[in-house]
Structure formats: C-alpha cells, structure tokens
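Could you use the hints to bring the two separately framed chains together as a complex?
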Amino acid sequence: MDDPGAQATEEREYRAHALPDPDDARRWLREMLLIRRFEERAGEMYAKAKIGGFLHLCIGEEATVVGAVRAMRDGDYLISTYREHGHALARGTEPERVMAELFGREGGVSRGRGGSMHLFDAERRFMGGYGIVGANLPLAAGMGLTCDYMGTDEAVVCMFGDGAINQGNFGETMNLAALWSLPVVFVVVNNQFGMGTAIERHSAVTDLERRGEGFGVPGTSCDGMDILDVHATISDALRRAREERKPMLVEAVTYRFRGHSMADPEEYRSKEQVQEWRGRDPIDAFGARLVEEGVLSDEDREKLDSEAVQRIDEAVAWADDSPLPTPESLYDNVYVLGNQVQGWYSVDERGPGARRGEDIRGMDAKETADMQRFEETSEQVSGSAGESEEEAKPADAAQRDDD
Amino acid sequence: MPVMRYREALNQALREELERDEAVFLMGEDIGVFNGAFKVTQGLLEDYGERRVRDTPISENTIVGMGVGAAMTGLRPVVEIMTVNFSLLALDQIVNGAAHIHYMFGGQVEVPLVIRMPQGAGHQLGPTHSHCFEALFLQVPGLLVAVPSTAADAKGLLKSAIRDDNPVIFIEHEYLYGQRSEVPDGDDHIVPFGKAAIRREGSDVTIVGVSRMASTAEKAAEVLADEHEIEAEVIDPRTLRPLDLDTILASVRKTNRCIVVEEGWPHGGVGANLAALVQEQAFDHLDAPIGRVTGADVPMPYSKPLEQIAFPHEPEIVHAVLATFRDV
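Note that the protein sequences, when read in sequence, are chains E and F.
Here the first sequence is numbered in the working numbering, starting from 7 and rising by one per residue.
Here the second sequence is numbered in the working numbering, starting from 11 and rising by one per residue.
Excised from the complex, chain F in its bound form (with noise of 0.2 Å):
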C-alpha cells in the first residue's frame, strides 16, 4: 500500500471527486493561486481551472452561504474555511442555513454540502487560532460531522462526504497534515460514515480518541501495555454524527472500562455526550466511571509550556486510564 501525508490524501480524494462529477468544485480562500493555506490543495487550480478551483474573498459567512445556494440547486460543493477558527464567522449559514433547510422546507431540497477545516493547537498560534470545534457542529440536528485521523481515513471518508446528500463538517487535523500512513490504492477507496475503526485490540480498558488524539491514545495505549500490562482497546470512531455508538458499546461490554479523550474543552464536549450515551447503553457493564481526557478549560494560551499542558498528551490519557483500575 502507498504511503502518504494525510493532506496528499485530501488532496487525491479532492482530485478523484472532481474527476468523477462535474457538479462538483471548490471554493475557499487561498486554495487556488497560493495552493492553500496548508497546501491540500496543491496543483488542483492548474490542473482543473478557475470555473472548478474558486479563489474567494475573506469572507466566510459569504462563502458557506453560497456553497449552500450552490448546493440547493444541483452543485456539490466543497467549501475550504482556512481553520476552524473563521467557521464562527459562518455560524448562521452552517446552522440556520446548511443544517436546517432540508427540514426546514419540509424535505424539498437538499444540500450536499461540504464545509473542510482544520483543527487543532501546538503551534503556538494563541487563542482565536487554536480550536476544536467538534461538539459544536455535533450538537446541531441536520449536519453530518466527520474528524479523520488517518491519511486512509482523510480520503476514504472525504470521497463519502462528497458523495452524501447531507451538508457534511469535515474537520481535519493541522497537526496531522504531514502524518504519513498507508492508504489503499485506486479511486475506489471509501470510507462509510457511521463506521468506527478499532484501531488496537484489547481486553482490559475501551479508549475513544477523536481527531488528533486517536493517535495519542494508541501510543498511550502502547505505554499501558509496556509499563502497566494493561491492555487498552482503542477506537477512533471517524464520524461523530452518524455515530457508530455499536463499536464502542461492544467494547464497553467487554471491557467493562471507558475513557474518552478529545483536544477540545470538557464543558459540552464529545466526552461529555460520549459518556452520557455509554451509561445509558451500558451502564451494568461499567467497572468504572467513564473517564474524560480533555483540553484545558480556558483559551487556548500562546506560550509554549501553558500551550502544551492545555491539551492531552499520552501521560494523561495514561493516568485516567490507571485511575479506572484504583475505583475498583
């Protein structure tokens, strides 16, 4: 299997759709000209041209509300907001608009929609540059959200959000942008929302890592099995709405412990709604209370030594994991 940067993934599943369909094409700023802010969209203006390749203004509330009207009579667009930090300034047009008019007008129209951005802190970059906004968009009825944490994952799963009929929150990682891992070769690579992926077996303790901290949590899993002879099933679910709250209850089940782990702030968060589901599904089968690995609860700081400690890192998902085993 090829081996690849996750934003050469986005950026080949962005390549293919634009192959395959007509009705698609992007838009965003900076994505055309300067090849994107973080380079996923490398080369597409040359090779697909300015009607497919859409430079635009800075102006975000604009943009989605123009992916939406696209959307609404036949396009699929793909909008690029430069991170997840300017969607606030297209909050109305992702819940007011985007989320809300396949209801809203009874089902008469769709709006096959995607909204990409990048997540994530420890790049210093302070706190109006450094969000994670999943539970937000998880929180509101009518859009789909996606966090791939896997090249394979970033193409699979941009290739099925293309494809659905349901304005999608694709939410990428600036962090793992240059993470290399093996993706399956050909165009035919897709990956389904609603499918969690496990992605270490194990027996004694379920941990969820969404986005970047998927792979933080295996590598703390890796430390729980040297240092501790625990054994920790990771799952990273992929897609939070739909949820593949199955995946996660099986394991629950058999390993009677939970911890969730997210980068964003604990007050409302996944973890928060994760666990909530969890007990209700599984609560006989808990050994523990389910435990919550979260970003700090403040702004994101931009100094370095606060910057790291306000986001989780191995030790801590370490540490919550062993306080499940003392409860006992």
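Only chain E is shown next, with the shape it has when bound in the complex (with noise of 0.2 Å):
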C-alpha cells in the first residue's frame, strides 16, 4: 500500500455547491455561531470552574455538527460522543439547559447527572453524549434496528470521532448494520487527533471514508470545513439509507482548534498547524459566502453574531438561577420502579435504611418514591448538607490534570 502519509486528507477535493435559500442560509450561520459562541463561553466558565470534570470542545467542527443535523428530518435519531454540546444545540435543545447541566444543576438537560459527556434530549431525538470512545456505534445500530423493525422511515445518524474507528466495535457495528440492512449514517468525524495521538500515528489506513467497506458499507468524504458540502453528502447519505435501507460511511474532514479538553497541552500539534486550519473557519468562511452573494449585508453578520452572544448570556445566566439537586435526590431514577416493585434495590450505607422498593408498592410510584427516599435519607442528610455544599463547589483545578 502506498504511504498513507500524514497530508492525505488536506489534499482531496471537494464539491463546490450553491446557497440553500437565504432563510436556511441565515438559519446555518446563526447556528454555528451560536455553538461557538456557547463553546467559547463553556471554556471560560470551566476556567472560573464553574464547570467540573472534562470539558470537551467543538470549536471548528461546527459545520460538521450543523451540517449533518439539518441534513436530518425531527423523526430521525442522532446520537454523538463526549463532544456534543454542539450536536445538542443544533437540534434545538435550549442552550440554557445543556450550560445548566455543564453546570451541574437540576435544571440540566440531563438533571445534572450526566454533565458535559452525558447530555440527551428525548424529545428532540437527540440520544446522547457517550463518554466511551466507539460505545454509541451498537446503540445506533440498535435504534436503525428499531426503525427497521417498526417499519418506519426513520433513520440515524451516528457521530464519532477518528479514534473510535480503531474501536473494536466499529468493525462489528459495519458488519451488523451492513448484514440487516440498518438505515444508519456513520459520520467519523475526522479532527485528525484521537485525543493528543495524530491520525497518521494510529491508523495505517488514514482514508477513514474506506474503513467500512470491507464490511459492506460503503464510504463517501466531504470537507467538514464547508457546511455545503457536509449538508448535500449526508443528505445523500440519509436519502439512501431511508429509501434502499443501506448503511453508509461518511467521513467528514475537520479539525479542532481547540485541545481535547481543557486540560491539553497540546504539546502534540504546532502551532502553525492550528493556525493553518483557522484560516479554514468555517463560520468565517461561510459568513463571507452569505455576504459575498448578497445574503446578509455586514451589519446583518453583525448582528447575527450579537445575538448569539446575548442567546448565551440569558443560558449562563439561566444556568446560574437553576438549583442545584438536593441530596435526597441521589437516588433517583437508578431504577424505573413501577408498581410491581418489591424487594431491596439499592442498599448501601447513607442511611439508617435500604430504600426498599416494598413500601410503596400499590401507591403512585413516582411519588411515593421520593417522599420514601427523602424520609429515609432525611437523617443522614441533616448531618451531612454542609458536606454537600462542599462538594458542590467547583474542583480544585489540581484535579483536572489528569485529563
């Protein structure tokens, strides 16, 4: 084989395509600047840790991220990775929401017990962040599966990163959704780094767009640099897997110009790299496009971007007010436990008394629960919530170098 070599993805080349209307076209822009804006500012909250844990980014992705939704229908599943603030954004989930669970706070999309990795919005089909590298790819088959089994036109579309293409399950995923014949769209977003490990250091075959076909899915590249072409290949993609019920393989070529995470040195790039890519911004680029053909004036551009940053000051803002979950909540939603419950569930240590499932059989369930947790805790709680404020405040920064 020849050398795959290390330039391989800078020098394909793309389809040039023409404007969506100008509703969409404004639409786009105000959604990527929009993330990016919500990104940057996710950044400096996790400096002021506001934000715990890992803090992983999308700055320069973004039209890939939006891109590949509005190439989706609302009945379609998306499903993502640990880097998916943006992809619940672009769905429509209230940036106020995913920073309050950035955030911690109850009112998160996910409660505050999912954080940045784990965000999910059923409403809006979006089926969450993973914090395993290659874990969403089975549960994606798994929802095609559904829409095969249910007869519906539905689709999915499964976002992940380069390094879990290395995963063992993508080659079992390919091969299972090749075999049922899944309507899924495997979007490997290649932002050439599996972590701080380039793409040429962990792949011998770097033409990701390839990977899947000898499997049976066949592959297709576009410039996730250029929300066109990102629009019109997954949009292809989507067609095909509703109408002729074949998974695809489309690698979409980025780059982040951000670290993994907060927490990256990123000692494993240079800086004119990073550079060379952000003279390919893609909300920059496409911005100039809109004005170029008299789609927005400069003063709309403007505008458009003030308006995000003001979209993500009422979403700290809202985030701020948003409580934080109170400690008889711990046990929530551990298990679904309906009326046939019976018997101990969770047992442990933090309170005079398992919560037993026992006592609330035959009473609404939801309720009940709660009342019974809270009781049972409310002991151990009183001589423990100067603890748990404690542990409410942001980490030490120390805690974070381990990234």
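Since the hints were made in silico from the structure, they are not lab data.
Incorrect hints may have been included.
Coverage of chain F stretches by chain E, computed from C-beta distances (three or more under 8 Å per stretch; other residues unrestricted) [as the list claims (entries may be wrong)]:
#: 1; region: 61 to 71
#: 2; region: 74 to 85
#: 3; region: 104 to 117
#: 4; region: 197 to 204
#: 5; region: 245 to 253
Don't be surprised by glycine CBs; every beta carbon is placed ideally from N, CA and C.
Okay, structure coming up:
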C-alpha cells in the first residue's frame, strides 16, 4: 500500500455547492455562531471553575455538526460522543439547559447527572453523548434496528471521532449494520487526532471513508469545514439509508481548534498547523460567502453574532439560577420503579434503612418513591448538608490535570 | 401441574412473551437456525421468523449495545449471550450503557433489555468457560439480577424480566437446563422480582443458596435432617437485585444461624454481601458467625477431580452448618 501519509486528507478535492435558500442559509450561520459562542463561554466558565470534570469543545467543527443535523428530519435519531454540546444545540435543545447541565444543575438536560459528556434530549431525539469512545456505535445500530423493525422511514445519524474507528465496536457494528440493512449514517468526524495521537500515528489506513468497505458499508468523504458539502453529502447518505435501507460511512474531514479537552497542553501539534486550519474557519468562510452573494449585509452578520452572544448570556444567567440537585434526589432514576416493585433495590451505608421498593407498592410510584427516599435519608441528610454544599463547589483545578 | 425441563420452561416463557408483545424480539449467537447452543430457543425461528428471532455474528459487545439502542427506542430485546463467560466482552455496554443510561440521562429514557446467559462449572470446560458472575453484575446499580434455580422460576422470572422496564441480567445455569420440575399451567405464571422462595422450612439454621446452589442446599438439608437432626430452612433468593432481604432476615431471626452458598468466588461474592447485610440488620439474633460456602478461589481447572472440588457440593454445606453449632 502507498504511504497513507499525514497530508492525505488535506489533498482531497471537494465539491462546490450553491447556497440554500436565504432563510436556511441564515439559520445555518446562526446555529454555527450559537455553538461557537456557547463553546467559548463554556471554556470561560470552566476556567472560572463553574464547570467540573472534563470539557470537550467542538470549536472548528461547527460546519460538520450543523451540516449533519440540518440534513436530518425531526423524526430521525442523532447519537454522538462526549464532544456533543453542539449536537444538542443544533438539534434544538435550549442553550440554557445545556449550560445548566455543565453547571451540574437540576435544570440541566440530564438533571445534572450526566454532565458535559452525557447530554440527552429525548424530545428532540438527541440520543445522547457517550463518554466511552466508540460505545455509541452499537447503540446507533440498535436504533436503526428499531426503525427497521417498526417499518418507519426514520433513520439514524451516528457521529464519532477518528479515534473511535479503531475500536472493535466499529468493525462489529459496520458488519451488523450492513448484514441487517439498517438505515444508519455513520459519520466519522475526522478531526485529525484521537486525543493527542495524530491520525497517521493511530491508523494504518488514514483514508477513513474506506474503513467500512470490507464490512459492506460504502464510504464517502466530505469537507467538514464546509457546511454545504457536509449537508449535501449527509443528505445523500440519509436518502440512501431511508430508501435503499443501506448504511453508509461518511468521513467529515475537520479540525478542532482547541485542545482535546480543557486540560490539553497541545504538545502533539504545531502552532503553525493550528493556524493553518484556523484560516479555514467554517463560520468565517460561510459568513463571508453569504455576504459575498448578497444574502447578508455585513451589519446583518454582526447582528447575528451579537444575538448569539446575547443568547448565551441568557443561558449562563438561567443556568446560574437553576438549583443544584438536592441530596435526597441522589437515588432518583437508578431504577424504573413501577407498581410491581418489591424487595431491596439499592442498599448502601448512606441511610439507616435501605431504599426499599416494597413500601411503595400499590401507591403512586414516583411521588411515593421520592417521599420514601426523603424520609429515609432525612436524618443522614441533615447531618451532611454542609458537606454536600462543599462537594457542590467547583473542583480544585489541580484535579483536572489528569485528563 | 406439568413437569418440564428448565430449558423447556424458558422456551415457553419466550414463546408466550413473543406472542403477547410485538415489541419483544430475540437476538443472539446461534439462537435461530442452530436452535440455541443449549436449545433454549428451539423452534422459535421457525415459528416467529427472522424478524423476531435474529441470529447474530459473534460480536458480544455490539449485540448487547444494539439491544440497548433498540430498548431505548421502544423495543423490548431479549439478548442471549451464549454463556456468561462471553459477557465479559460486553461489559462496557452492560455497565456503562444498559445500567447507567436511565440515571445519567436524568430519567428521560428507559432500557427494558433482558440479557440471558447460562453459567456454571461441572462440564470440564476449564478456566474460560466455567464462570459464575452473579456477584459481578450484582455490584452494578441500575441492573437487576435474576438467578432462577427451578423450571417454574425460570419461566416465571423470565416473563417478569421481559416485562420489566429495567435492564435485567438473567443468569441461567448449564447444569439446570436438563433438570425437570413442576411448572404451573397457563401463560399467566409470573414470578415477581424481589420475592424469595423458601424451599424447605426449618428452625435450626438458615441456608441461602444461589442459582444451582439452591438445589444443592436442599440436598444438604436432607442430609442434615437425616444424619444430624438439624432442621435447615433453605431460601432461594431467586433475584439478587432486588433482594428479598426481609425473608432472609425473618428466617435468621428464627434460626439464629446463617450459611450462604454460591458457586462463584469468595472475595466480594454474594455470600460476602449477604453476610454483611445480615449482620448489619440482625446482629443480635446471630448465635454464630455467618458461614460462607463458595467456589474455590482459583481459575476453574479442567481436570475432573480438581474441578469437582473447586465448586460446592452437599458435604461442604453440611460441614459449614455443623461448624456454626460447634461455635456456640
């Protein structure tokens, strides 16, 4: 085989596309701006220690995110990775609820249980961010199976990074999706690095669109920095998935302008490389083209941006006001407790009694379960309230260095 | 009451639930054309077709993950993993996926998934094919764990598992597949989770037997009665999560002695867990330390004489019970 080479992905030629109608064009730019401003603000909030754990930003990848999501129908399922704030926002989840999740608040999309890596919005069929690399691939196939099984014309878009392509799950899922003719579009977001390992150092075949072929999943590639190319390519793939019941692998070649996470010193790539890619900023390019072709004036473009900034200001304020989860809600949603419940479900040292399903049998499950837990833990909770508040404070920055 | 084999009872449960609910479907390695490695799914492909009974490639993690994805979007998959040993390949999807999704997404989505698999030693299959992993799955919040030991429970618990909205680890036993016992007639035979069965009443000692060890414990109880005038109460918890601790505690408060028997390893085992719970809840009622009878703390050897001493039989249980009396 020829030397796959580090430059392979940059030498590709992509199609040129006409702009969509002006309303769509403005919407696409607005959504990319919203994600950019959200991510920048999230980075600031992290630096202020309002956000704990890891924070993975998708700055630079906005065209890939919005282009893919705009190619989908409302009834389609979207599933992503831990770099998924943009996916939720593009799908329509309120930035308030995404920011609140990052803040660990009750008002967050996942009620503060998931955090940055585990956003989910059932209503909008955003089927989640996942913290394990490649773990979302089989889930996507399972969702595709549901579409097929139920005989709907819904489809699934599964987005994952170039790092995930070397997980065993990838091959297993490609094989099953092809074998069972599942309507899933697999989008490998090739941002050139699996964490800090460059693609030519983690993959023997760096032309990722080819990686599904041996399993029966044809591939294609698009310019992940060009929202028009992403949109056109994924629209084609979705049409094929829907009509021909065939999965497809789409490689979107892009670049993350920021580190893998906030705790990334970026010693694995050169400043020149980053600058070069920043020169292809997908939002700048699309905005400039809209102005060039008369869809927007420079003022309109400025205005869209300032509206995005304002929207994020509101999101931060709302998230700040959202309450922290109460200690008595610790055990909420470990199990689905219906009327059939008996026996001891969760047993631990955090209260004088175990949390027992038996006592709530035959009563309104949700309310009584909450009450039950509150009563059982109230003694312990009152003794440890101070400690809980302590825990709710931002984590020490030193704890973040092990990313 | 009809008498049938454990595997036939499971087959009947699958059949009835496939019949009852269109959202129920089966997937797993060799469950269709081959009729199942242990013939549990015998005839189901023929009767329900490729849509409902799906042969899969050998891809455990992806099979389970697809089950999770299908369950999240409205189906009720029953995934068969050929044996519990291979579930290790699927642990990420079981723990990080099935068990945590309902919680980590704030209760927005449910995962009504059943993962069926047999466990157990005794067939000279060596270290990689003889595991007992109920303790491993028991540890994970979000999972339910069923360990049926009779044909009736196999059927009734599997039907409950399929109807439950939580992910269920349903652990069958290779030795039990061929065992016959009575199963109540009709498709309404349901065994609820969290309800232990008292297999034998007694007043002198409580023996909790898990999975196959429930039947081994019953045999040991007969020996204790016949040869030692000790009346043992044998409890089969049937599900480990939820756990019917009340029934176990009530028994211990009556007998003042407790032995837990399991086939798996001792460290962090079911017995270790139950011993902790019982002493926390009923310390004042205990007249002797809680005894554990477990599998040997070794990888399962192939050679027959070694394998046979590496998992519990009646004599070890009898010995453990007698020890609680000597300790008085």
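Quick rundown of the hints versus the structure:
no. : hint       : result
1   : 61 to 71   : holds (count 6)
2   : 74 to 85   : holds (count 12)
3   : 104 to 117 : holds (count 9)
4   : 197 to 204 : holds (count 3)
5   : 245 to 253 : holds (count 4)
Consistency note: the structure conflicts with none of the earlier hints.
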